[in-house]
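Keeping their order, the protein sequence lines are chains A and B. Just so we're aligned, residue 15 is where the first sequence starts under our numbering, counting upward by one. Just so we're aligned, residue 262 is where the second sequence starts under our numbering, counting upward by one.
Where hints are given, some of them may not hold.
[Claimed, not checked] Which residues of chain A face chain B? A partial, calculated answer using Cβ under 7 Å:
#: 1; residue: Leu83
#: 2; residue: Thr109
#: 3; residue: Gln151
#: 4; residue: Leu152
#: 5; residue: Ala155
#: 6; residue: Met156
Rather than coming from a laboratory, the hints here were simulated on the basis of the structure. Just so it is clear, CB atoms sit at the ideal spot from N, CA and C, and this is done for glycine as well.
Here's the letter readout for the chains.
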Amino acid sequence: MNSGAPDLLRGLSPQEVGQVLALGTRMQVPSGSEVFGLGSPAGSVYVIERGLIRLTLPMQVRGRDEDILVEERTAGQTVGWSALIPPYRFTLKATAPVETEVIALSRDALQAHFDANPGAAYSIALNLAAVIGQRLQLFQAMWLREMQRLVELRCV
Amino acid sequence: MEMFLMAICLSMLGFAVTAVAFGAATRSAETAPEEQPVQQPVVEIAPARFFADDATIPAMSMQARVPIEALLLQIDNHVRLEQAAAESFLAYPTAALLHGRTISTLVQ
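In isolation and in its complexed conformation, chain A is listed as follows:
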């Protein structure tokens, strides 16, 4: 993992980071395997320890359903925040294109920890908002770039 704390645990003391990560289960994900599927119940968030996760959505390409890249996440980043936000269903598919190691933090374990440690819960909630907000801003910009191209194409 990166030298710093994972993005979800930024702002916590090393001891607090250790406590949260100790709640999780370390998982080895073989190359090409799925971590979670689109629309499946989201019970855990995943902190990437090593490797790479591809987040995809299905798209029709020449009449075939293909998983199209939406985002790539690397070590130190978090995927699967749908596990902490109702309705607790994954809105993307996550696969590991290379051998990857993640720490799965279950919602139940995290909620119990949050109840006992409101300070840590507050920091993690802020970090989660930052992760979600960053994705929103990123996709706003990407969407507008596509709109600009569409307008230019239509006005030719």
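Once you have looked at the hints, place chain B on chain A.
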């Protein structure tokens, strides 16, 4: 005298026929330019559409010839480039950075 009157009548008739024929020829010559401008835009627009289609069809058929694996790689590459462009914009939000040109082969 009768012969003289007949010659005058025939001359008048010939003059009248010539005048009518001249009038008809002059009217058709005047109306012809009025009709031409109506037809002219049609003639001008048709080649413009033709050239527009001509430019897009080869580009589309070229994409259709690309193997699907290569096309998927192009899409992957496009998404990465677009994310990088969006991240640059978020780091320093300006209209120029937001609409910076891409080198993605998918949209070239």
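Hint by hint, here is what the structure shows:
no.: 1; hint: Leu83; in the structure: 5 Å, holds
no.: 2; hint: Thr109; in the structure: 13 Å, violated
no.: 3; hint: Gln151; in the structure: 5 Å, holds
no.: 4; hint: Leu152; in the structure: 5 Å, holds
no.: 5; hint: Ala155; in the structure: 4 Å, holds
no.: 6; hint: Met156; in the structure: 5 Å, holds
When the structure is compared with the earlier hints, a violation turns up for hint 2 alone.
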